[in-house]
Amino acid sequence: MNDYPRDAAAIVGIGHTEFSKDIGRPERTVALEAIKMALDDAGISPKDVDGLVKFSLENTMEVEIVRNMGIPNLAYFDDVAYGGGAGCGAVGHAAMAIATGVAETVVVWRARNRGSGGRPWATRPSNKQYGEMQWFLPFGLSRPVDQIAMLTRRHMIEYGTTAEHLGHVAISVREHATRNPNAMMRKPMTMDDYLNVRMVSEPLRLYDCCLESDGALALVLTTPERAAALKQPAVLVRAASQGIGPDHLVMANYFTPNPLDTPARYAAQELWRLAGMGPEDIDCAQFYDAFSPLIVISLEEYGFCKPGEGGPMAASGALKLGGALPSNTSGSSLSEAYVHGMNLILEGVRQIRGTSTSQVADCSSVLVTSGNGVPTSSLILRKP
Amino acid sequence: MSSQPLRPVPGPDDASAPFWEACARHELVMQTCGQCGTLRFPPRPMCPACNSFEVAWKPAAGRGRIWSWVIAHPPVLPAFADKAPYNVVVVELDEGVRMIGNLLDVPASEINEGMPVEIAWEDVEDGVSLPAWRPAP
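Quick note, the sequences are listed as chains A and B, same order.
Residues in the first sequence are numbered from 68 upward in steps of one, following the working numbering.
Residues in the second sequence are numbered from 251 upward in steps of one, following the working numbering.
By construction, these hints were calculated from the structure, which means they are not laboratory data.
Computed from a prediction, not measured in an experiment: that's the story for all the values here.
Worth double-checking, as some hints may not be accurate.
As the list claims (entries may be wrong) - No more than 30 Å apart at the CA atoms, straight line, and that leaves these computed lysine-lysine pairs for DSS-like:
#1 K333/B <-> K88/A
#2 K195/A <-> K333/B
#3 K114/A <-> K373/A
#4 K373/A <-> K450/A
#5 K195/A <-> K308/B
#6 K373/A <-> K103/A
All chains, please: the whole structure from these sequences, using the hints.
Quick look at the structure:
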């Protein structure tokens, strides 16, 4: 196997629209807005962009970006599948394109009007369900929350994880959101608030669920050499990994020998190997949190604690600013906005730059993860 | 959307059709490898253990234990609205594979991990029956 090129690309620009329930502009427009903001943040002209990486679920195609931004020649374009599992992988693909010399300046973006648009689980064209959905939709395991609640219950059965453990996750994340003016949910949350909110899919409550948001985010990557001459401090992509694991069924992944080993366990092993680092080297984490239990599971899968200890670790205050592993410092999917986890990556960049509204002191290495219920990815951002 | 929302039903494919056809006859069958005998669920064309395309369908006992469950509260798909809150369970079959289904006629508070269950059938459309579960005596 070839040596992996660590720190071979840098994130030099970030941009995002406001986040809201109904942004009032089409996805194509907000995608362009976010990309322009990221390029302006970097001080790079669209004329210099030669690569684009998008989510496979993105509705705006590369040609639209090229035609609107005035990109003269797109030499590299690529996309990563599986929704919430894609974000860190998309950044990883961009970094690989830069590392190999295929492209020099690559934009990654995600635009999604999920707040005002339809709910994907409720808008199927007929009542016949094909592919993996034939195994769960006929039984009413319809929504992502149902599919993750099933794993959560099993985690509770095997390890004694409790509602209060999940409450500590939601409360910690909300505490960070209270300081972030971009966050959609900024009111502090108490354990009483958490426990008394309505159930959505037992054992999960409303506050275990991410928000339904409209918004777009983008980031710009280039070579570390070029980054050194640009206006923002460079944020290096130390490593990025992807993972699926055996016998995976998307979202209803209950058929493997141990379904509590999600694809993230495999992405984690690869990430630490590629990065030459371990959990002890991480100052701050941004865990994919479409649902609060995914943070508990990720604490275990990325090796910050043993299997079953994620709930108690969250309850210890570890996730809060000043805790053992400050995490999801923007308020993330649970309290800032849900845009398939792209906001987690931008927050990771802010932590390295030192510009987070919940800034971790001396932050030089950040872990960012993508969704556990689907084929996934993860990455480590570093200060040069 | 029609006024009478239809319950989602399986869309059989080349690999799953024999399973759903057996369900329509109220028979629970499992796909095994015709070469090495490995059991696999959900069905697929190739054996992940030996890569054979040979398939043999074997009857399953229709007994298992509750492995996990959820109670879905509104808002749910219109087809399930009159059932909500309703359960969805994962059953670990005696044969070792897991299946998703509904546990019939058991209140949410009485569902437990490890609870023994046996196969029941729900006829949901002409020619479409879904495997469901009842507490085993």
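### Query
Tell me, which hint numbers fail for this structure?
3, 6
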